[in-house]
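S.K.: Chain B: place on chain H using the hints.
Residue strings, one per chain:
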Amino acid sequence: MKVNLSKLVYALAFTVLFSCSNNENEEVIGSEKAKVSDFIENYANIVSANYTDTYNTAVEMQSKINAFLTEPSTAKLQEAQNSWLHARDFYGQTEAYREADGPIDNENLLGTEGQINAWPLDEAYIDYVFDPSQGGYVNNGLIADGSFLITKENIAAKNEEGKDDNISTGWHAIEFLLWGQDLNYNTTTHTSDNYSVSGQRTYTDYTTADHSRRRGEYLRVVTDLLIADLKDLNDTWLEGGSYRATFEALDETTALTNILNGVGFISNGEVALERLDPAIDEGQENEHSCFSDNTTQDMWANTYGLHNIIVGSYNAENGATVSGVSLIDIVKEVNESTAIALENATKETINKLEVLTGLDKNFDEIISEETLGSGGPAGLLSSALKAQGTQVSEAAKALGVSITIN
Amino acid sequence: MIKNTFLFLSIIFWSCNSNKITEEEYIDISYETDEENLVSHLSIKAFTADKAFGRGIPELSDLELSFFGVGNAMFDQSWVSSPATTTSRDGLGPLFNARACSACHLRDGRGKPILTNGIGSEGFLLRLSSGNDLVSGPKGFPNYGGQLQDDSNLGIKNEGEINVRFETIKGQYPDGTNYELRKPTYNIKGNYGDLSTALVSPRIGQQLIGLGFIDALSESCILENEDENDIDQDGISGKANYVWSVKKNRSTIGKFGWKANEPSLEQQISAAFNGDMGLTSSTFPKENCPEGVDCSSLPNGNNEGETLEVTDTQMSRIMTYMGAISVPVRRDYMKYNVLKGKELFNEMDCIKCHVNNFTTSEFELLPQIENVVIRPYSDFLLHDMGDDLADNRPEFLANGNEWRTQPLWGLGMIEFVNDHTFLLHDGRARNIEEAILWHGGEAETSKNKFMNASAEQREQVLSFLNSL
Chain H
0 MKVNLSKLVY ALAFTVLFSC SNNENEEVIG SEKAKVSDFI ENYANIVSAN YTDTYNTAVE
60 MQSKINAFLT EPSTAKLQEA QNSWLHARDF YGQTEAYREA DGPIDNENLL GTEGQINAWP
120 LDEAYIDYVF DPSQGGYVNN GLIADGSFLI TKENIAAKNE EGKDDNISTG WHAIEFLLWG
180 QDLNYNTTTH TSDNYSVSGQ RTYTDYTTAD HSRRRGEYLR VVTDLLIADL KDLNDTWLEG
240 GSYRATFEAL DETTALTNIL NGVGFISNGE VALERLDPAI DEGQENEHSC FSDNTTQDMW
300 ANTYGLHNII VGSYNAENGA TVSGVSLIDI VKEVNESTAI ALENATKETI NKLEVLTGLD
360 KNFDEIISEE TLGSGGPAGL LSSALKAQGT QVSEAAKALG VSITIN
Chain B
0 MIKNTFLFLS IIFWSCNSNK ITEEEYIDIS YETDEENLVS HLSIKAFTAD KAFGRGIPEL
60 SDLELSFFGV GNAMFDQSWV SSPATTTSRD GLGPLFNARA CSACHLRDGR GKPILTNGIG
120 SEGFLLRLSS GNDLVSGPKG FPNYGGQLQD DSNLGIKNEG EINVRFETIK GQYPDGTNYE
180 LRKPTYNIKG NYGDLSTALV SPRIGQQLIG LGFIDALSES CILENEDEND IDQDGISGKA
240 NYVWSVKKNR STIGKFGWKA NEPSLEQQIS AAFNGDMGLT SSTFPKENCP EGVDCSSLPN
300 GNNEGETLEV TDTQMSRIMT YMGAISVPVR RDYMKYNVLK GKELFNEMDC IKCHVNNFTT
360 SEFELLPQIE NVVIRPYSDF LLHDMGDDLA DNRPEFLANG NEWRTQPLWG LGMIEFVNDH
420 TFLLHDGRAR NIEEAILWHG GEAETSKNKF MNASAEQREQ VLSFLNSL
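From first to last, the protein sequence lines stand for chains H and B. For the first sequence, numbering that gives the first Met the number 0 assigns the number 0 to the initial residue and increments by one for each residue that follows. For the second sequence, numbering that gives the first Met the number 0 assigns the number 0 to the initial residue and increments by one for each residue that follows.
For reference, chain H alone in the conformation it holds in the complex (with noise of 0.2 angstroms):
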């Protein structure tokens, strides 16, 4: 009896083995087959362009800005707005690579995300406010007080100190400082409501307001600071960049999690909980880009740049597309339903943000006509981001993985 059991162990062992190898050699004759490898190096790619016209745009913009602090006009600062607005464009779909152990956000790396791009801002942090209950605008922040010597090592020393919307650094700092508050303000009616308007800033904040000389300081430096972290996620991304190299070494397993957890909690966790139902919810206060109101367009950007990696394939700005083996690819090798019903998500999630994108009102106004759970516009989209994620992590157990999405 004995014997005949480790015979049998035996001849298991040699069967797995021979059919291990009848495999390999299928593949070698198959070369069509989407491989995990291939899928994982098309991602370095996407990810590596992305940064590189992220970096590029940001600093077409820093010059756009220097023009603009040079000799202050209202067409100047036009110009320097959109700069930024086109940038962000590029930036918003890189969020898509966080939660991902790499370097945006892993601290033993670069660890920049917070100091590149923090929010919601608390502005009086850095500059005057409207205040209501003092009748007006009241001077206070980092701009206000003279004694904060304006440096980079200084304001971002300063950033989420106390608390989490203590910001001083990053897109959204440079955001206020270009737009200034977002009181929708209706000249007419005096009233908070009028959403076609963004924020009001004029030129004249860098020439003859109050604190005018350290506000455009204060533009000037957290603008480099913007532009040497971008920088460094570009350089560390790029083939033989530091990161890179430490990437393509990573195992097939690691790097599948990483990359798949990243996508699969951004769909979810940042850009369905943290950017759209507190602002559904809750209103303005909550909106991701609201001196700009912007919002629209970054939602746009967050849900491509999850896209990208889903359908394998990236837009450059230079208008060359970036593309390979796709998440949807190596998940039809190992499951074809689990494939096809991911596949149907990120074409839904696109569908929603079409409708959203499509009907052409600022992120507040959209926000303020719906609420949690009435089927509005945002709230859809909400949905199709928070069921993209779950086969997102569907599609990662089918590759034998397991990810957390929440």
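Derived from the structure by calculation, the hints contain no laboratory data. The C-beta atom is built at its ideal place from N, Cα and C for all residues, glycine as well. Treat the hints loosely; a few may be bogus.
Stated by the list, open to error - To spell it out: a stretch of chain H is covered by chain B in this simulated footprint if at least three of its residues, at any positions, have a beta carbon under 8 angstroms from a beta carbon of chain B; those stretches are: (1) 95-102; (2) 375-385.
Claimed, not checked - In the DSSO-like style, the derived pairs of lysine-lysine whose C-alpha atoms are separated by at most 27 angstroms in a straight line are: (3) H/K151 - H/K75; (4) H/K157 - B/K111; (5) H/K75 - H/K360; (6) H/K151 - B/K111; (7) B/K44 - H/K396.
Stated by the list, open to error - Some, not all, of what chain H presents toward chain B, calculated at C-beta under 8 angstroms: (8) P277; (9) N285; (10) N405.
M.R.: Using the frame of chain H, we list chain B on its own:
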């Protein structure tokens, strides 16, 4: 079964080879299945410092997810005084300690003690009282109430300023290694009258992981570890606090706070809104009003048709958020030193109070959390921790020497999330080792065992604690 066989073989191996088993074998014997998952299948993996203490349990419904997201936003953002352009975040004050929940629990993590006088705290406050009633709890100190609010709205005087002075205490391990502890003394300059006779208890904001699981523990499962009269004569008693539940209108077992002084997650949160931020809610609908000020004449943050600043709708969001925050999976749990440390932690009887085996009961807020095995490393009971740690301020059944056993889950991640390692009720310990050395009273024997261990063993205990 396989494991048992292996254990058996290892024992034979061990006895034949006089005390030599390899590290690999030790790891295999010592590791217990699932020990890294502190809230079983609902544990989460921490990817970033920003989210390590802020990720929700898996298995939340669409609507629960929405509430979680909204609660998270409420938690992070500042509240402002009324009137204001905002409608959902106004009503702060008149007196307060913090403008946002995150001001004391940055990234859902731990607050910091006062380190420099004259600079506002980041999660430190003083509780005040003039006495204690076993049923209704501490009696507010005249003019000040139950807590010193060191900040206020424009036109209102804050209650005072806190200055701290640290005294260095030098000590030595039996092996000759020196150590230093620092003991704080607080000096309060009160703006509403003399405070010299007040009972004062300093408190640090705690990390907010796994709170739903604690809320879901039944009274009976906490009482199982109780041994108030030390019948088993191990020098460790363990006593439940019973505190006033506003919603139930009777005394119930205390679970939250440094002295187990709050009965439920909802009352804990409502008390923080009211005491720390000056916000009213259905549990505490009265504004915390300074002496000599008519608060009904001040602007409040109620929206039209509402009578509370934190509405029931908002409360439901923050409850889902706080209740659903999971606990990160442990790190390095398969390493030799960590497993050795675990063995020592058990041998030194630390485990007698820092209990790692509970199962949750019924939980209406999030039924997913019901019937889950959890490893909080706390018994949620009060213990006499010795005179050196005492605040001498009784609170319900807790006397001035007693503190609730702190849950140790997430301990090793505090530095990652909050960039500091200040521990204990007032943050006096600068790291885990100092926190152990401050243990006295019922924990004196365990502390002595730690002190008598070799330097290598002490490191192993710390490695284990850092893996939690």
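S.K.: Are the hints correct? Go through all of them and say.
M.R.: Checked hints:
Against chain B, the stretch 95-102 of chain H contributes 4 residues with a C-beta closer than 8 angstroms to a partner C-beta. That satisfies the three-residue criterion, and the hint holds. Under a criterion of three residues with beta carbons nearer than 8 angstroms to beta carbons of chain B, the stated coverage of the stretch 375-385 of chain H is upheld, 3 such residues being counted. Restraint check for H/K151 and H/K75: the C-alpha separation of about 24 angstroms stays at or below 27 angstroms, so the hint holds. Between the alpha carbons of H/K157 and B/K111 the distance comes to roughly 16 angstroms, so the proposed pair stays at or under 27 angstroms and holds.
Using a Cα cut-off of 27 angstroms, the hinted pair H/K75 and H/K360 holds, with the two alpha carbons roughly 25 angstroms apart. Only pairs whose Cα atoms come within 27 angstroms are accepted, and H/K151 paired with B/K111 is accepted, the gap being roughly 25 angstroms. Under the criterion of a C-alpha separation no larger than 27 angstroms, the hint pairing B/K44 with H/K396 is consistent with the structure, at around 16 angstroms. Taken as an interface hint, H/P277 checks out: its beta carbon lies about 4 angstroms from the nearest beta carbon of chain B, inside 8 angstroms.
Residue-level restraint check for H/N285 holds (minimum Cβ-Cβ distance to chain B is 5 angstroms; threshold 8 angstroms). Because the smallest distance between the Cβ of H/N405 and any Cβ of chain B comes to about 4 angstroms, under 8 angstroms, the interface hint for this residue holds.
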